[in-house]
Amino acid sequence: MEPPLNHNPADWRPTRQVSHHQPPAASHNPADAISPPTSPETPQLVFNNSRAPPPDVAGLGFSGQYSNPGHTGPSTPGYFPPVQRNPADTGYDSTPPTPWGAFPQTPSPRYGFHNRGDSQNDLLDPFQQEASRQNGQYPRRNPNLFVRAWVFYQRSWTQSWTMGFFLFCGIMFAIGHHLFYAGLDGQLARDQMRKRRYGTALAFLAKASLVTAVILAFRQRAWMMVRRKILSLGAVDSLFAAAEDLSALFNWEALRRAKLAMLLAAYIWCTPLIIILTSETLTVVPTRHEENTTCLSVRTLNFSHEETMDWRAGVMLGGIYENSVSLWNTTMPDGKAGDPDWFDYWTESSQQFKTVAYRAAYLQKPVMKKHSPAEICSSGWNCSYVINFVGPGYQCTELAKGVGKSTKKLNGQLPRFNTSDILPEGGFSYIAITDEGEYPAQLADVEPGGAPKHLKKPYSTEFGAFKTEPIVWVGYAQVEDLSKLQPVNRTTEGWNTSYVPTIFGCEHHEMNYTVELNYTNGMQNYEILKKKSLGRIIDTRFVRGKKDNSDGSWDNVTATPSENFVLARDIENYRRTAAYHSIGKQMRRFINGTISMPYYIANTDLISTRLNSLPNYLPVDDFQNEVEAFYEEIILSMLSNPSFISVSWASDPSSPSGPLVGDNSTRYKCKRSRIVNTYKYHFTELWIVYSISIAMAIGAVVAGWLAIRELGSMRDTKFSSIVAATRAQSLNRVRWDQEKDIKSLKVGFGLVPGYSGEKTHGFGFEGDVTQDKPKIFRSPALQMMDWGSQSVRRRSRQSGFFEHPGTPGAPGGSYEAVDGGHSPGHLGVTSPPPIQVDHGDTGYSSQTTYSQTAYGGGGQPGGDGHHTGSYGGQQRQA
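Position 99 of the sequence shown, counting from 1, maps to 112 under the numbering used here, and the rest follow consecutively.
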């Protein structure tokens, strides 16, 4: 309960003792919780906003003496006298008042530092930490990024920034689209549908952002055009509907008088092409994908295993016995180790190798092991690898070419034929002698297993020895075009000019091979990367016409020097040489023989190989090199039969592979490849589309900002905006539902008379609307210089006031109502009586005299008027 108004403050007594040197203790009396009494003349100020700082009491019209606690001057009757503070009390910033004194306002913790005199909450919580209170600070909460962004949007964001924001977003989405596709370029085409959806989504976001910016700019241009020009109602309809109604683009008047706005509308309708065209810039194409890795089951050749191959003991791998390329005879079936007359000697190529050689010759390519592509490359892959090995090889040399040409020697020997034996002088189109010095059968009368029956011991050291390797002598008729039928006899025209006799010879060498094997689509191919001769397998020269069988055998081959013979008792060297001889003998067997003319009489197996050509039954082009390659194909075909002891793991050539499948221990470096679907990003096409779109959007936004400058603010086409723009009284003169030619009526936007005669901004018919048309300058620089003054005048027109020159911004300055830029028609000035103005919540009132000046809009009598006035340097409109 408040005391009576005429109560004397001296009659009041506190209900409890209050010390001026100690903080007041908590009271258990409920009466102590009642707020101190106040005078009815003292305004009770209640501040609902806890964030607001304590108000300035003096600023509300009160005398400063009541807002200053230390004031000691006179007071208005009815107010309590000021409370004297004891400066000796250091526990509080000021001495607590008596129960009858006024409590000072406690500032919010957000607006300054505090001490324990500001609040008595510490009396309620004895466990409260004292650290923060000793520092005199309260904890602050920093708003998170979202809150700060929201506050910035509410306080600082302007509508004109929206166009730039969406333009920026469109450019960022376009860049994101590019980066997304660039990251997919060359990658395996996994999740194609999902990746395409992501790309389409980015294209849609870029399109949506750009078109939003352009739509906002289009609206500004549309409002600017109706503010500048008087258009027919149909043109205005088309202008405002062009972004939504495709048929509105075909209004000729709108196209002619609002070109840029209609161009922006056309751009809006074309923006779906951004999604269509940019989505197609990421395609899926078949690509050869390669990787350097290791492969299983890669095999090579190592003929050193032939040196230790003992056909008696055998070597078993994978459940089968390993084979040699040679067959052997022995001098004693039950010989004992250390007996010099007990040894093995070569007799023939093994049947297993003959099979491989025939297959290679008849297939006309190296024989491939079954399932080797899957075992080596893995299913679905192609692969290639390089192997190195030492093996036999033929090295061929051209000796003669042309009719009547002399023949060169090879290893000191000449072939048994010359160019005169070959077409066109001779009768042979092909002739090959490959068995001179061939290893013959050593004995005719032998026991099973090759042991001699009648040959006396000790056996000759040359018994079973390899004395020489036959030279391959080849002569053939060469023609220009093997595909054409050549002359078949001497009476045919062109016989003497069609054939060129050629002779070459080939020696058997030991070669160091570097070979690349390739498996593509399940087919095997090879390429000899490097081939180096290590010398003749047997470095001797065959002596033709001389027979020497002094060793008691049938072998009457004579060669020199005898020191280079490969003897049977030199077991390791003999067995390796025997392997080379076995392989070479099968090749020599295929090419040995003749083909004679006329009638193509063939006495050779050459016609069964790829070395023969039709229809002339002549050797193939580049026959010399093809003979070497044919031999190499036979050698590489050995890899198709892992049962040969020479076939070894490429990762460890010292280990024969047998028929086993490789594992991790046999991995060998290889290059794998396969045709896969990969993404291909068409960079140029995407940026052509985005560059055009972004450039046009930038131009549209610039045009929109220029329109905003002219309009003074950003406009929209919301329902409320249309309603506000159609309040002109003159619009009611038209019967909108019955007029036939209503679309031809001329309308514009500007200042129009309202119901009360005042001028308002809105649409009106021609003659009723006053438009503010901007000045046209020849120089763009002058136009830009005029923007500032235009903006000031424009904003003055929007507020309805125009500040007279000479008193700009002065308190109480003179302002007049204007009619949109035209010279006002001055009708007269009246001085109304003072107007009582209620200042609302400020708690005071005043009388202000306003001057009323009436002007006619557009020079028309009876125009609207505006009440203008000033108070304290501020404009107020009654």
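The set of hints was computed from the structure by calculation and includes no laboratory data. One or more of the hints may lead you astray.
[Claimed, not checked] Listed below are the simulated BS3-like cross-link pairs for lysine-lysine, each with C-alpha atoms no more than 27 Å apart in a straight line:
no.: 1; residue 1: K422; residue 2: K559
no.: 2; residue 1: K682; residue 2: K544
no.: 3; residue 1: K559; residue 2: K470
no.: 4; residue 1: K422; residue 2: K545
no.: 5; residue 1: K759; residue 2: K378
no.: 6; residue 1: K349; residue 2: K466
no.: 7; residue 1: K349; residue 2: K545
no.: 8; residue 1: K414; residue 2: K497
no.: 9; residue 1: K682; residue 2: K543
no.: 10; residue 1: K560; residue 2: K382
no.: 11; residue 1: K378; residue 2: K560
no.: 12; residue 1: K242; residue 2: K421
no.: 13; residue 1: K682; residue 2: K382
no.: 14; residue 1: K242; residue 2: K693
no.: 15; residue 1: K684; residue 2: K383
no.: 16; residue 1: K470; residue 2: K560
no.: 17; residue 1: K242; residue 2: K272
no.: 18; residue 1: K684; residue 2: K543
no.: 19; residue 1: K559; residue 2: K421
no.: 20; residue 1: K382; residue 2: K544
no.: 21; residue 1: K731; residue 2: K272
no.: 22; residue 1: K208; residue 2: K414
no.: 23; residue 1: K682; residue 2: K383
no.: 24; residue 1: K560; residue 2: K466
no.: 25; residue 1: K367; residue 2: K383
no.: 26; residue 1: K378; residue 2: K693
no.: 27; residue 1: K544; residue 2: K421
no.: 28; residue 1: K545; residue 2: K378
no.: 29; residue 1: K272; residue 2: K422
no.: 30; residue 1: K544; residue 2: K684
no.: 31; residue 1: K418; residue 2: K497
no.: 32; residue 1: K422; residue 2: K242
no.: 33; residue 1: K208; residue 2: K693
no.: 34; residue 1: K545; residue 2: K682
no.: 35; residue 1: K543; residue 2: K378
[To be verified] Pair ranges (Cβ atoms, derived):
no.: 36; residue 1: R301; residue 2: T730; range: 53 to 59 Å
no.: 37; residue 1: D448; residue 2: I614; range: 17 to 23 Å
no.: 38; residue 1: K470; residue 2: R325; range: 43 to 49 Å
no.: 39; residue 1: I688; residue 2: N577; range: 24 to 30 Å
no.: 40; residue 1: S433; residue 2: N562; range: 31 to 37 Å
Yeah, the Cβ is synthetic: ideal placement off N, Cα and C, and Gly gets one too.
Results of checking the hints against the structure:
no., hint, verdict
1, K422 - K559, "19 Å, holds"
2, K682 - K544, "21 Å, holds"
3, K559 - K470, "26 Å, holds"
4, K422 - K545, "22 Å, holds"
5, K759 - K378, "92 Å, violated"
6, K349 - K466, "18 Å, holds"
7, K349 - K545, "41 Å, violated"
8, K414 - K497, "21 Å, holds"
9, K682 - K543, "19 Å, holds"
10, K560 - K382, "44 Å, violated"
11, K378 - K560, "39 Å, violated"
12, K242 - K421, "106 Å, violated"
13, K682 - K382, "20 Å, holds"
14, K242 - K693, "52 Å, violated"
15, K684 - K383, "20 Å, holds"
16, K470 - K560, "23 Å, holds"
17, K242 - K272, "13 Å, holds"
18, K684 - K543, "19 Å, holds"
19, K559 - K421, "22 Å, holds"
20, K382 - K544, "24 Å, holds"
21, K731 - K272, "23 Å, holds"
22, K208 - K414, "66 Å, violated"
23, K682 - K383, "21 Å, holds"
24, K560 - K466, "23 Å, holds"
25, K367 - K383, "18 Å, holds"
26, K378 - K693, "38 Å, violated"
27, K544 - K421, "25 Å, holds"
28, K545 - K378, "22 Å, holds"
29, K272 - K422, "95 Å, violated"
30, K544 - K684, "22 Å, holds"
31, K418 - K497, "26 Å, holds"
32, K422 - K242, "108 Å, violated"
33, K208 - K693, "13 Å, holds"
34, K545 - K682, "23 Å, holds"
35, K543 - K378, "19 Å, holds"
36, R301 - T730: 53 to 59 Å, "57 Å, holds"
37, D448 - I614: 17 to 23 Å, "20 Å, holds"
38, K470 - R325: 43 to 49 Å, "21 Å, violated"
39, I688 - N577: 24 to 30 Å, "54 Å, violated"
40, S433 - N562: 31 to 37 Å, "34 Å, holds"
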